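Engineer: Protein chains in written order, with the working numbering: chain A, 1 to 444; chain B, 1 to 257.
Source of the hints: derived by calculation from the structure; they are not laboratory data.
Predicted model, so just to flag it, every value in this text is computed and none were measured.
For every residue, glycine included, the Cβ atom is placed at its ideal position computed from N, Cα and C.
Do not rely on the hints blindly, as some may be mistaken.
Unchecked claim - Covered, in the sense of this in silico footprint (three residues per stretch, anywhere, with C-beta under 8 angstroms from a C-beta of chain B), are these stretches of chain A:
(1) 132-138
(2) 380-390
Claimed, not checked - Some chain B residues close to chain A (C-beta under 8 angstroms, calculated; not the full set):
(3) 69
(4) 72
(5) 77
(6) 82
(7) 85
(8) 92
(9) 97
(10) 101
(11) 194
(12) 220
(13) 224
(14) 228
For reference, the chains in residue letters:
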Amino acid sequence: MNQVTEAYVTAHQNLAQNLAGQSVAWVRQMREQGLSRLQTAGFPTTRDEAWKYTNVRPITKHRFTPATPQRDGLSLDDTRRFALPGLNSHRLVFVNGHFSQALCDLSGLPEGLFVGSLASALERDAAAVEPYLGRCAPENSHGFDALNSAFLTDGAYIRIDSDCVLERPVEILCVSSSDGEDLMNLPRNLIIAGAGSQSIIIERYVAAGGARYLTNSMTELFCAADSTVEHYKLQQEDINAFHVGGLYLRQERSSRFTSHNIAIGGSLVRNALYADLADEGVECNLNGLYLGTGRQHLDNYTHIDHSKPNCTSREFYKGILDGRARAVFHGRIVVHADAQHTDAQQENKNLLLSRDAEVDTKPQLEIYADDVKCAHGATVGQLDADAMFYLRSRGVEENAARSILTYAFANDVLERVSVAPIRVELEKKLTSRLLDGRHLENPS
Amino acid sequence: MLRISNLQVSVNDKPILNGIDMEVKAGEVHAIMGPNGSGKSTLANVLAGREGYVVTAGEVLYRGNNLLELEPEQRAREGIFMAFQYPVEIPGVSNIYLLKAALNAARRHQGLEEIDAVDFLTLVKQKLKLVQMKDDFLYRSVNEGFSGGEKKRNEILQMLVLEPRLAVLDETDSGLDIDALKIVADVVNTLRSPERAMVVVTHYQRLLDYIVPDQVHVLANGRIVKSGDKSLALELESQGYSWIEQGPSESTPMITG
């Protein structure tokens, strides 16, 4: 156990009695298990297969302080600037991982939708949470997830009743606000989509200040039978921030899940998604887009467990890297012996805009059933020289031609984004970060 | 309009063009013919400014200015249009977007305002009819999944919208059936005008039945070995290229049997 881990154990001893629901035996036990897992497993290293291309030393050499609720933190005006125009969401706001009732917009909640903070659920109604919390995440978790579980106390708690069809998306806005004290935000979100329900959930990570901090988030999402869930994760952390986040998903019979995993901010980022296709007839679509510049390191790890027959999974991740940015795509698909008639496809495409940008892409298929359809493909390339010349020969200047082709590369991921205000935001970010700020009409 | 003098070009240190001289005046249509590997497409690509073609000697003047020092996009804005032999597919960029970007680049260069969206659509749809393409072509990605003939017609559509001063058609006839060939030729003919010049590169005489050239140049081994009027094309049609490759026919008797 190194000094940093020891410091977290000490911090835990000091904090534990103040954490929500600590009087509840199973909650206390879950935290203790997390802590002991952290002590035994430690933080992952590049010797771990799943972390081969991502060295987390820049994170683990620091001792971060678990953030506590701020007394006079952000104002409504501070958070309004993060609103996506036209989104019209049910908005839950968390500051450094802690629920902030005053900053939320929860007017007009429909019947059948419950939204609130996990902390208050643990205090008031822990029994309702017990069948779900921690049930999606694997027991042999890595150090970061163990750390999250050790300190788990707050985050979004969203429950959508059976057959409830949500007209507006639910937004979880996680704002980091730190003044250079090396804070650690540990949001733990729990989302339960009831049978036959339909919903759009948007998880966003933004920063109100520019200090170094760590977001170490975990989201557990249960899709009951026949439910349809579209999940967005927009990671727009500060450029100095560290972000290690995991989405743990369980899908029941004939549920349909689509995720859009967007990584834009952060200096060192790990974005993991674990999907357990736990029953028959499940459809799981994982889309991703990562845009790296400067010295950013953006790691995408996905793990799909095809546990039962007749399930379909589609993965489509694209990355655009400029400067000295580095990215990882590691897509693991396990088709278990029982999962006959699995149809799994994985595609990862990368565009390198500079000589110094780098990407490691690693498909990992493990197939134990014999009657399955699995395919994967990965590409890494530069802008097509012939296409560049073609555009220039039509009078388009070189820089504009680069921008058009870069935009075009991202387009098939953007087109999958069904929520227009998010698509607009992504187009803006693409423009400001990779197209020299040049405004460009969508070329498609 | 275009004056090429002693143009010598290498690709990967291999000489391809070994001294081309020709002059194209406004209002004229010149055909460049020749067997495969004679340097026809190299000449077209040098005029368009493609990378990898190294000019080792000679010059190209376009409207009195050194063409070779201009970037490809500058050439386009100065009114040069190249219809490519193999138009590239550009997924994610729609035809209409490219047409508009190209037209507006030219307009800005001329000091004009960008074209109004409604006017543009009216203009493009009218041109689309001329090449007998359906409206949905506008909204498809540039050349993606187009047949060979559709790609060539798409080049001609761009030419119609951009109304160039000098058009270079590089084997636009290859991959076209006779109906499509007629459509393309008709459109090219409507663009003929006293202010406009065209260079038509082709392997076959067939296209020149429909686009009748003022002059025909025969290229072989990187040189123009013969120039003449349209009857030269017919001569090539009946005799083939062998007499050129083997030198003048009267001094090289055919060995048969």
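Engineer: With reference to the structure, classify each hint as holding or not holding.
Structural biologist: Going through the hints against the structure:
1. 132-138: violated (count 0)
2. 380-390: That given contact holds, which follows from 6 residues of the segment 380-390 of chain A lying within Cβ reach (below 8 angstroms) of chain B.
3. 69: violated, 15 angstroms
4. 72: holds, 4 angstroms
5. 77: OK, holds: residue 77 of chain B within 8 angstroms of chain A, min 5 angstroms.
6. 82: Where the cut-off is 8 angstroms and the nearest Cβ of chain A is about 6 angstroms from residue 82 of chain B, the hint holds.
7. 85: violated, 12 angstroms
8. 92: Hint on residue 92 of chain B: holds, closest Cβ of chain A at ~3 angstroms, below 8 angstroms.
9. 97: For residue 97 of chain B, the interface hint holds, since the closest Cβ of chain A sits about 5 angstroms away, which is under 8 angstroms.
10. 101: Holds: closest Cβ of chain A sits about 5 angstroms from residue 101 of chain B, inside 8 angstroms.
11. 194: violated, 24 angstroms
12. 220: violated, 27 angstroms
13. 224: violated, 24 angstroms
14. 228: violated, 30 angstroms
The structure does not agree with the numbered hints 1, 3, 7, 11, 12, 13, 14 stated previously, though it agrees with the rest.
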